[in-house]
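Starting from two chains that each stand alone, build the complex the way the hints lay out.
These protein sequence lines are chains A and B, in that order.
One gets our numbering by counting positions in the first sequence from 1 and adding 148 to each.
One gets our numbering by counting positions in the second sequence from 1 and adding 1320 to each.
These are calculated hints, taken from the structure and not from any lab test.
There could be a bad hint or two in this list.
[Stated by the list, open to error] Calculated pairs, EDC-like style, for lysine to aspartate or glutamate (alpha carbon to alpha carbon, straight line, at most 20 angstroms): (1) 1329/B / 173/A; (2) 277/A / 291/A; (3) 281/A / 265/A; (4) 1329/B / 291/A; (5) 195/A / 1378/B; (6) 261/A / 272/A; (7) 363/A / 173/A; (8) 225/A / 176/A; (9) 242/A / 1516/B.
[Unchecked claim] Over the 10 angstroms line for every Cβ pair with chain A, so calculated as not near, a few chain B residues: (10) 1384; (11) 1438; (12) 1486.
In this text, all values refer to a predicted model and were calculated from it rather than measured experimentally.
For every residue, glycine included, the Cβ atom is placed at its ideal position computed from N, Cα and C.
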Amino acid sequence: MVQMNNVRMIYDSSGTEALNGVDIEIHEGEFVFLVGPSGSGKTTIIKLLTGEVQAAGGEITVNGFDMRRIKRRKLPKLRRTLGVIFQDFRLIDKMTVYDNVAFAMRVVGAKSKDIKERVPYVLELVGLKGREKRYPQELSGGEQQRVAIARALVNSPRMIIADEPTGNLDPVRSLELMLLLEKINELGTTVLVVTHEKELVNAFSKRVVAIDGGKVISDGMDGYYNYE
Amino acid sequence: MNRLGYLIKSGITGIFSHGLMSFATVTIIMACLIIMGSFGLLVVNINEMLSGLEDENEVVAFVDDALTLEEAEALQPLIEAVPNVAGVEFITNEQAMEDFQEDYDPELFEILDSSTFRHRYVIHLTDISLMSQTKADLESVDGVADVNAHLDYAQAFITARNIVSIVSLILIIILIVVSFFIMSNTIKLATFTRREEIAIMKMVGASNGFIRCPFIVEGLVLGILGGGLAYLIEWGLYNLVTGRIVTGVTGTLISVVPFSTVMYPLLAAFLGVGILVGVVGGSSAIRNYLKV
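Just chain B, with the same shape it has in the complex (with noise of 0.2 angstroms):
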């Protein structure tokens, strides 16, 4: 066997040789990344549930009565050069009648003639933060008789927007900082039981890389085996909660982010991590005794 498959064997029977605190590593590593995964998941939701209620948000321009059609579509233009809309669509008085009659009782409307109604503009945001300003431009656009935004609810997102980043971001640096503390120490309590192999190994002249190289095989396998464990739990942890809040009640006012959409950047993350931890923590554990 040549020196690199010596070290490699080494490393691997190293796991099964302290099976208990290699169980126990990988127990805290699966621990945290869970702990981490299923909090990231939910911010994910949250900020997407916010995004698409912002992008639901639209900002409604209504036309003066006295332009024509032609006069009214001959606005889009200006309306399009105001700073901060990012989509115009213009709607006739006739259309925007049949889409009241499709979301309404049509018998409402057989008495109704489309003047009643006025041509409009749709106008999406880029950013809903400053509503209150585009609105204020929109209505200085010649031929613009009304502009109808939902301040308040745009106001209400960006306050629960700021908040969930804020918070969520708070969390998740408290959390990698716990689970790598644990998780370092974990494998800084497996590598003392094994400081006087270590001792030996110096003592006879191997040099700091060999006797590193099976920790850090050790710890990549480790990590490895946590971060993929702890990936396939979170996998069916998600789709069970997310399944039940689909089928129950909430599932009609609060939409998911399928497993499938965030599948490998979890997966990318949780390897990630989960061989970070195991070799930097393994190789750190040991340098103290390395230093004789």
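In isolation and in its complexed conformation, chain A is listed as follows (with noise of 0.2 angstroms):
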């Protein structure tokens, strides 16, 4: 699903080394915290993974696209293989809940009959039923990332990518929202969680991945976020 081998990043304006030889493996059906530091290089990760930037060496595949040598026509199909969630929800204020996540199935061609099922049914499953025609800034921030994460899941991603998606929430809130990526990865899609929230991901048994100094420092089975 995702395959990183010796990835190496420089950023070609200030010449930062971001990456140093990153190797990450991620299959079909886990759930993976990414950890580490500000500036340790997990931005940089989710960026080479969905296509914003290019790597400076090394090989990436993700859901079959070699990201090293994609062409940016093929960016789009790329993305629509993945679901990204960020902490500030990026929402469209002029929008209906409905229309924030049905926005995302239009803009792949999806027809009105299949949008009018799919959207409900997933608003339904972040638990937003009810509030399909409130706007963004009439919600709370863990029901605007509960429509982010309904925007992310409508088109049936095989991946889903959430970057720090609790920084603006409250540790109850937080608590839920993984709960919630965690019932999804039950379903079958493939969670990637950005955070330096260690209670958090000592909450949850999975796999986590640190980061540092653009290195991975540890990858382990035993669910501690165990760098300090």
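Structure representation (structure tokens):
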């Protein structure tokens, strides 16, 4: 599903070496935490997986796409296999909850009939039934993040990538959100969660990949955030 | 709703959801087109006036008194063969006198005989800038006694036309460049406020074509709206200004081109520029945001 071999990344503008020989492999159906301090290279890995930036060296394969050689016009196809969730939710304020989610289906050319069936199902799955006509600013942070998850899920992606999804949420909402992601994972979607919240990671017995200084420093199934 | 319908609806919705920027875009397109259009119409009128005056600038070749009417008439093919001669009209001495009597007080000619006048040819030229050479060529025709040509007037027209052409060309180029710059920047500004929306579209897997389409529809509608409104305002302004000129004292000196003569080319130009600016501006403005 995701294969990163000896990946190096240098930002041209600053000359900063963000990644230096990263090897990560994620299999279908896995739930993986990617942890590490600020500036460790976590966000760079997400940008590489979504095709926002190109690696300087090494090999990356995401859902069958060779990210070192992928053409720009193929990026939308890659991104349709991924569902990305951000810390700041990134919802369109002028659209209702329903439209924010339906929008993701329209973008990929889904039929109206399918949209009408799928969107209510996904909103119910994330616990937003009855909130369809609300606007993002009328919702709490936790609810907004659920809308973002619904949008990421609606096209049935093979993998969900969540970049600090609990960064703007209180501990209770954060735990609820992680439980929702766990539920999504149990339904068959691969989940990669980037976070630096130790307690949250330790509350789940999942695989934890720790990164620092652009290198993987630990990769274990013990479910512990063992990087300090 | 099908995909195309959704994209068109999104474009039209975008106009209203960013009402202030849409208003600014239409206003700028209108203002630029009205300035360009007004100047263009001024140039058209000046050219028309110069062209009319040039047509009136004729050369008269007087026939030698010694020649009979038949001999004078026989000169026509020779005069027509002179280079740069566009048209020739033979006028007998009797016709010449009648013309004078119409233009002036007939009593002045009562004591005069038609033989006082010479047979003549009124000659129109193809290019008045060659008037001097043509005058010399006509004078060399046997049977032509004298040639009357207003070389100083011709030179004045040529100078005026050249100045108008060069100045108008420079000003129109400057106006087009400035207008495109202003209009594309206004559209870029309108698009800048929507970069987050574009980023979300990219993130969920929208193709560049899908993202661009609503912006093109929006640009197209704003361009047509700006061009159409500018045209109506230009129409009103032109009729107002030319109406004042025609009914005023200057109307006897200046003739104006009726709006009906230029209405279709002007409409095509306004809509064309409006659509071009809207569509090109709209699609180029989001180009930077599509690179992610």
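Checked hints:
1. 1329/B / 173/A: violated, 43 angstroms
2. 277/A / 291/A: holds, 11 angstroms
3. 281/A / 265/A: Judged against 20 angstroms, a Cα distance of about 16 angstroms means the pair holds.
4. 1329/B / 291/A: violated, 28 angstroms
5. 195/A / 1378/B: violated, 79 angstroms
6. 261/A / 272/A: holds, 18 angstroms
7. 363/A / 173/A: Answer holds: residue 363/A to residue 173/A is near 14 angstroms, not above 20 angstroms.
8. 225/A / 176/A: Holds, because 18 angstroms separates the two Cα atoms, which is no more than 20 angstroms.
9. 242/A / 1516/B: holds, 12 angstroms
10. 1384: holds, 84 angstroms
11. 1438: holds, 82 angstroms
12. 1486: Residue 1486/B clear of chain A: closest Cβ-Cβ about 46 angstroms, beyond 10 angstroms.
Going through the hint list in order, the structure does not satisfy hints 1, 4, 5.
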